[in-house]
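Asks: Listed here are the chains, written in short residue letters.
Protein chains: 4
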Amino acid sequence: MTAKIAILGASGYTGAELVRIIASHPGMEVAALAADRKAGMAMRDVFPHLAHLDLPTLVTIDEIDFSAIDLCFCALPHVTSQQVIPGLPADLKVVDLSADFRLRDPAAYEKWYGQPHQAVELQKEAVYGLTEFYREEIRGARFVAGTGCNAATGLFSLVPLFRAGLIDPDSVILDMKVGVSGAGRSLKENLLHAELSEGWMPYAAGGKHRHLGEFDQEFSLAAGREVRVQFTPTLLPANRGILSAAYVQGDAAALHAALVEAYQDEPFLHVLPMGQVPSTRSIRGSNMVHLGVAAERAKGRATVFAALDNLTKGSSGQAVQNANLMLGLEETEGLMMAPLFP
Amino acid sequence: MTAKIAILGASGYTGAELVRIIASHPGMEVAALAADRKAGMAMRDVFPHLAHLDLPTLVTIDEIDFSAIDLCFCALPHVTSQQVIPGLPADLKVVDLSADFRLRDPAAYEKWYGQPHQAVELQKEAVYGLTEFYREEIRGARFVAGTGCNAATGLFSLVPLFRAGLIDPDSVILDMKVGVSGAGRSLKENLLHAELSEGWMPYAAGGKHRHLGEFDQEFSLAAGREVRVQFTPTLLPANRGILSAAYVQGDAAALHAALVEAYQDEPFLHVLPMGQVPSTRSIRGSNMVHLGVAAERAKGRATVFAALDNLTKGSSGQAVQNANLMLGLEETEGLMMAPLFP
Amino acid sequence: MTAKIAILGASGYTGAELVRIIASHPGMEVAALAADRKAGMAMRDVFPHLAHLDLPTLVTIDEIDFSAIDLCFCALPHVTSQQVIPGLPADLKVVDLSADFRLRDPAAYEKWYGQPHQAVELQKEAVYGLTEFYREEIRGARFVAGTGCNAATGLFSLVPLFRAGLIDPDSVILDMKVGVSGAGRSLKENLLHAELSEGWMPYAAGGKHRHLGEFDQEFSLAAGREVRVQFTPTLLPANRGILSAAYVQGDAAALHAALVEAYQDEPFLHVLPMGQVPSTRSIRGSNMVHLGVAAERAKGRATVFAALDNLTKGSSGQAVQNANLMLGLEETEGLMMAPLFP
Amino acid sequence: MTAKIAILGASGYTGAELVRIIASHPGMEVAALAADRKAGMAMRDVFPHLAHLDLPTLVTIDEIDFSAIDLCFCALPHVTSQQVIPGLPADLKVVDLSADFRLRDPAAYEKWYGQPHQAVELQKEAVYGLTEFYREEIRGARFVAGTGCNAATGLFSLVPLFRAGLIDPDSVILDMKVGVSGAGRSLKENLLHAELSEGWMPYAAGGKHRHLGEFDQEFSLAAGREVRVQFTPTLLPANRGILSAAYVQGDAAALHAALVEAYQDEPFLHVLPMGQVPSTRSIRGSNMVHLGVAAERAKGRATVFAALDNLTKGSSGQAVQNANLMLGLEETEGLMMAPLFP
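Read top to bottom, the protein sequences are chains V, P, A and W. Going by the working numbering, 263 is the number at position 250 of the first sequence; the sequence numbering is gapless. Going by the working numbering, 175 is the number at position 162 of the second sequence; the sequence numbering is gapless. Going by the working numbering, 83 is the number at position 70 of the third sequence; the sequence numbering is gapless. Going by the working numbering, 107 is the number at position 94 of the fourth sequence; the sequence numbering is gapless.
One thing to keep in mind: the hints can contain errors.
Just so you know, same-sequence chains aren't split out, so a pair can sit in one copy or run between any two.
As the list claims (entries may be wrong) - Keeping only pairs whose Cα atoms sit at most 20 Å apart, straight-line, the calculated SDA-like set for lysine to any residue is:
no.: 1; residue 1: 312; residue 2: 262
no.: 2; residue 1: 221; residue 2: 289
no.: 3; residue 1: 137; residue 2: 64
no.: 4; residue 1: 312; residue 2: 105
no.: 5; residue 1: 221; residue 2: 235
no.: 6; residue 1: 312; residue 2: 52
no.: 7; residue 1: 124; residue 2: 55
no.: 8; residue 1: 137; residue 2: 96
no.: 9; residue 1: 312; residue 2: 183
I should point out that these hints are in silico values taken from the structure, not numbers from a laboratory.
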């Protein structure tokens with residue numbers, strides 16, 4: 014039997030990526046696609062690369078008969094998500110891809126997003142959707158909040174190290190180099206080709222990026238104490254991928270060994286041999302994460318590198334991975350496509 | 014039962030693309046990988062993006078036990094292919110991706126490649142591997158010669174029109190805009206990022222490109238008379254994709270109707286509505302071809318556009334499509350992955 | 014003495030390019046910068062790359078004291094230009110960079126731009142601003158209308174050939190590959206990095222591009238009869254540059270000789286040796302045009318290639334070249350900067 | 014009077030950049046160009062973007078009459094430089110752009126470059142060529158060793174802060190995002206467009222980059238004690254530019270004030286307002302450096318950002334700046350070209 018899937022917010026990049034993945038997924042089929050402003054359009058007119066697929070016409074959310082839906086992906090903009098999801102059937106399985114339900118503490122949400130949370134009760138139910146760390150909770154969950162793409166990259170790099178107490182929690186610096194698709198299909202000047210190509214720059218520097226809320230929450234949990242890392246992303250002239258360097262105090266060999274052990278049975282997490290570094294070219298379009306560790310000159314200093322595709326493992330691939338568990342399917346189903354290179 | 018596949022020349026881009034496709038192909042498995050100069054290396058060290066796959070170590074061609082192989086892809090450099098393939102078992106199914114066996118006429122080969130053909134007998138056996146036009150011959154073939162990527166793009170644009178006599182054979186101009194991966198993983202100055210990014214230029218202009226030999230052969234056959242088209246490719250700062258504009262004398266509506274009819278049952282060929290134009294962004298990483306027709310101002314002038322991925326439908330995807338037929342598998346098996354966008 | 018320059022529409026790419034050029038121009042200085050919606054801002058906040066220059070604050074057009082201005086560049090959007098320029102002092106020297114005054118025939122304007130011209134009287138005064146072909150008229154002009162960037166590329170390729178009657182006027186096809194900055198700093202989905210990088214496609218195909226109006230006007234004039242060429246531009250993942258291929262009926266050697274002779278004294282037009290082709294990498298950021306001619310296989314067929322930088326020679330550099338003549342300065346003053354490569 | 018300039022190693026990117034700059038320099042003219050393997054070629058055939066310039070034909074170094082040369086730039090590969098320069102006339106003014114003479118301590122050279130220095134005496138004479146910090150020594154020098162491009166970026170960020178004792182010398186981390194032209198015009202697989210575009214990765218991670226030798230030397234000098242920073246560069250899909258983030262312990266406001274004060278009279282160093290961050294798009298093709306400071310969440314933590322063009326301010330522009338001083342010219346002569354954007 015094939016699970017019937019609805020996608021809300023199907024006209025954005027993460028919506029398109031969900032369709033791309035599900036198109037090759039033997040256990041899912043796209044039963045409904047919603048995009049309020051583009052309702053009535055054919056998906057092939059919004060995304061010509063999906064022209065060969067037999068997909069439902071875009072509708073408004075109201076038009077969907079959710080009784081025929083097994084699981085709903087919400088790829089809506091932030092804030093919209095917390096307005097829409099409370100109105101969905103209470104027993105509908107939902108994976109949210111927005112930032113709205115990632116922070117368990119409503120005060121933290123208000124701090125980072127500048128306004129009170131509008132669905133505090135629903136927040137209590139949300140399971141944080143980084144599969145590798147919350148697998149069992151997700152398996153039994155009705156409502157999962159997918160992580161941020163930067164957050165995922167940092168968590169894969171460091172959570173096992175915080176848990177094992179192998180790094181100094183007070184001196185962690187995360188420097189990420191990120192492709193532009195993470196910003197979505199929005200019309201902003203800094204996302205234009207003419208601005209970005211040959212022009213790279215940091216953004217949200219100085220501790221202002223909202224994914225810091227996720228880092229604070231999850232790293233503190235992993236370390237068993239309050240952790241506040243530094244984080245600086247740089248927007249690159251490239252479409253897909255995040256490459257993270259985590260500068261830490263810790264023994265490189267021990268860190269490498271801890272990651273190898275933590276991830277040895279993980280189908281999507283690949284720890285490179287000691288001293289090797291990952292590249293975004295090696296994970297593009299896939300659900301894979303490549304990790305590497307290098308020892309620095311200064312004794313006790315190491316750098317942990319990680320690379321993933323922000324639209325796949327950082328967002329829509331992760332969402333399908335979670336949905337697989339929630340639907341009782343094999344966790345890797347539909348997700349083993351090899352990266353596209355070159 | 015899964016077909017056991019050998020890939021000769023596995024360390025190039027088309028070799029890697031074959032592995033990428035076969036990794037998700039339910040009817041094939043990679044049983045042997047050869048790359049003479051890199052024999053002994055693990056594939057993950059040559060192509061880190063394939064690190065998650067359980068692949069055989071690279072060997073020399075001599076080390077392969079072909080009795081255990083059902084079909085062999087030759088992704089070797091030109092000339093090497095005609096030296097190697099005659100030495101393979103005479104009953105081994107082979108799909109060649111090089112240019113060596115595409116031209117039926119040894120004199121045409123010598124003209125375009127500047128040296129006599131070294132395996133004239135084998136050439137006689139070769140079936141030209143553009144599946145959509147040679148489907149039945151390929152189904153029964155032992156040895157198939159895959160087409161060039163530019164050739165494929167032009168043939169999909171025009172063969173049905175030549176066959177139907179809808180265009181003037183003496184005034185066809187093909188202008189193609191091509192990504193750099195078509196040139197392979199070779200160390201040439203003009204393929205460096207610093208030379209190519211923000212720098213595009215024609216190459217092999219003035220009727221010098223070797224794929225003209227293929228155009229001459231196939232267009233003449235389709236038209237039932239000698240045809241010599243003009244062809245100018247431009248190398249772009251991009252990795253994958255070919256976008257072709259064919260400037261022709263013919264009635265645009267009739268051309269569009271002819272393409273729609275010719276391709277209506279083709280799973281990989283998608284004719285856009287009249288007046289719409291294809292983009293490489295819509296076929297990247299897939300086996301799809303998008304075609305479009307526009308009427309020009311001058312009465313009786315039209316332009317036929319086509320876009321495909323040179324490494325997939327233009328090379329390795331086409332090769333797998335042929336292999337599917339040769340092995341009695343479903344033609345589309347393993348090839349329905351959706352394009353990667355963005 | 015230094016000419017005092019005003020730039021209207023200083024917050025767009027052509028405005029910024031004017032400032033870049035004038036910053037190194039010994040005979041000009043920027044005296045006023047207008048940008049209605051950004052009035053009050055410092056230029057360094059609109060264009061941080063100009064931060065080191067001592068520039069006037071952006072103002073509205075009304076705030077400029079034109080009595081202190083020697084020449085005014087109008088880099089305003091189309092239509093806005095024809096509303097603003099009639100209100101400027103009648104004796105002010107003006108170079109317009111918009112499309113508003115390029116077409117001498119108001120009916121042609123209405124046909125291509127879909128509305129009646131609003132300043133027909135002023136249109137009569139406008140001199141068409143392609144310096145190499147209208148040098149003497151420009152020297153004495155008060156009001157010059159700069160050409161379109163695609164138009165300039167095509168005219169440099171073909172005007173001397175039409176004038177000499179060396180090509181068949183009825184079968185010319187122009188295929189141009191253009192960088193994205195020609196579309197300006199406008200927020201459109203197809204100009205986003207995530208859409209354009211690795212995704213190229215034709216636009217305004219089928220004889221719809223507005224620069225056809227300029228081709229019709231100038232080619233007909235050069236040929237002494239009505240000429241209607243075909244023209245298809247393709248938008249590339251690159252910022253600056255236009256590469257044009259003109260497919261023509263004519264003798265390649267004669268065409269090459271005619272271009273060499275026509276341009277032998279031109280400081281900005283460089284005809285490559287017979288058979289060589291130009292690249293955008295060789296003219297980026299400069300006022301240079303590189304041209305090349307290749308003979309095709311078919312007797313009497315040739316291709317004329319041209320490359321220029323759409324923002325410099327195609328727009329702002331051309332405008333300064335015209336302004337130099339109008340102000341009695343040396344034509345090349347401030348314009349001999351070498352291209353930027355890589 | 015115009016200084017007669019020789020360029021050794023004129024066929025590389027830094028050689029071409031020297032020609033580009035000198036072409037607009039009123040006080041210099043190119044009198045000799047050497048490139049051993051390309052001797053006899055016209056510069057326009059090696060670098061078509063310089064076709065409009067009247068340049069001497071490439072010769073071997075031996076063919077140059079140095080008695081007619083006022084200053085010689087050596088843009089030779091590392092190691093070659095230390096073999097060639099000792100053979101030049103002893104009173105010839107020389108600016109070396111290689112890494113050969115940057116490290117004052119021969120032991121440090123041997124450590125980082127893996128072999129003994131071959132011109133130890135000449136090393137003693139070399140003045141370290143970062144103009145802003147060694148202006149007076151350079152003015153009187155005969156032989157100047159230009160800095161590395163990464164080194165320059167880091168030194169501009171931090172030298173005034175080390176001098177003023179405003180940052181903790183033991184916890185500095187430099188993370189740089191660098192364009193590919195810094196690797197030169199060399200044929201390496203990782204520099205191919207197909208490998209680099211959409212694929213970014215760190216290199217020389219784990220304290221292995223040779224520019225660390227320069228950081229150690231200059232930061233220790235500035236701090237008055239031994240300093241060993243961390244440094245990780247990431248190679249980006251872009252041609253020109255370095256963006257550096259220096260993660261430091263120090264008071265952000267104090268750091269910003271110190272940089273503003275240190276650079277207030279520097280024509281090429283521009284400190285952005287507190288909290289603003291630089292972009293490579295704003296310095297491309299120019300001799301400018303943009304710097305910014307952001308306060309981090311953790312009290313006493315700050316990040317210092319810097320952006321420059323590796324080929325201009327990081328190499329050839331810096332070399333001309335030094336040459337201006339050595340020749341008694343205005344320091345900024347020929348170097349005030351505005352950045353190219355977009």
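Asks: Which holds for residue 312 with residue 105 at a C-alpha limit of 20 Å: within a copy, between copies, both or neither?
Replies: Classified as neither: same-chain Cα gap 52 Å, cross-chain 45 Å, threshold 20 Å.
Asks: Go through the copies and call it for residue 137 and residue 64: within, between, both or neither, with a Cα cutoff of 20 Å.
Replies: So residue 137 and residue 64 fail the 20 Å test inside a copy (40 Å) and across (39 Å) alike.
Asks: Since the copies are identical, ignore which copy is meant and state whether residue 124 and residue 55 lie within 20 Å (CA to CA) inside a copy, between copies, both or neither.
Replies: Classified as neither; 39 Å inside a copy, 32 Å across copies.
Asks: What label fits residue 312 with residue 262 when the C-alpha limit is 20 Å: within, between, both, or neither?
Replies: both (9 Å within a copy, 19 Å between copies)
Asks: Have a look at residue 312 and residue 183 and pick one of within, between, both or neither, based on CA distance no larger than 20 Å.
Replies: Result: close both inside a copy and across copies, 17 Å intra and 12 Å inter.
Asks: Should residue 312 paired with residue 52 be assigned to within, between, both, or neither, using CA atoms and 20 Å as the limit?
Replies: neither (59 Å within a copy, 38 Å between copies)
Asks: Tell me, please, which holds for residue 221 and residue 235 at an alpha-carbon limit of 20 Å: within, between, both or neither?
Replies: Neither: 22 Å inside a copy, 32 Å across copies.
Asks: I want to check one pair: residue 137 and residue 96. Are their C-alpha atoms no more than 20 Å apart within a copy, between two copies, both, or neither?
Replies: Within one copy only: 15 Å inside a chain, 59 Å across chains, cut-off 20 Å.
Asks: Is the C-alpha distance from residue 221 to residue 289 at most 20 Å within one copy, between copies, in both cases, or in neither?
Replies: Between. Shortest inter-copy distance 13 Å satisfies the 20 Å Cα cut-off; intra-copy 31 Å does not.
When each numbered hint is compared with the structure, violations occur for hints 3, 4, 5, 6, 7.
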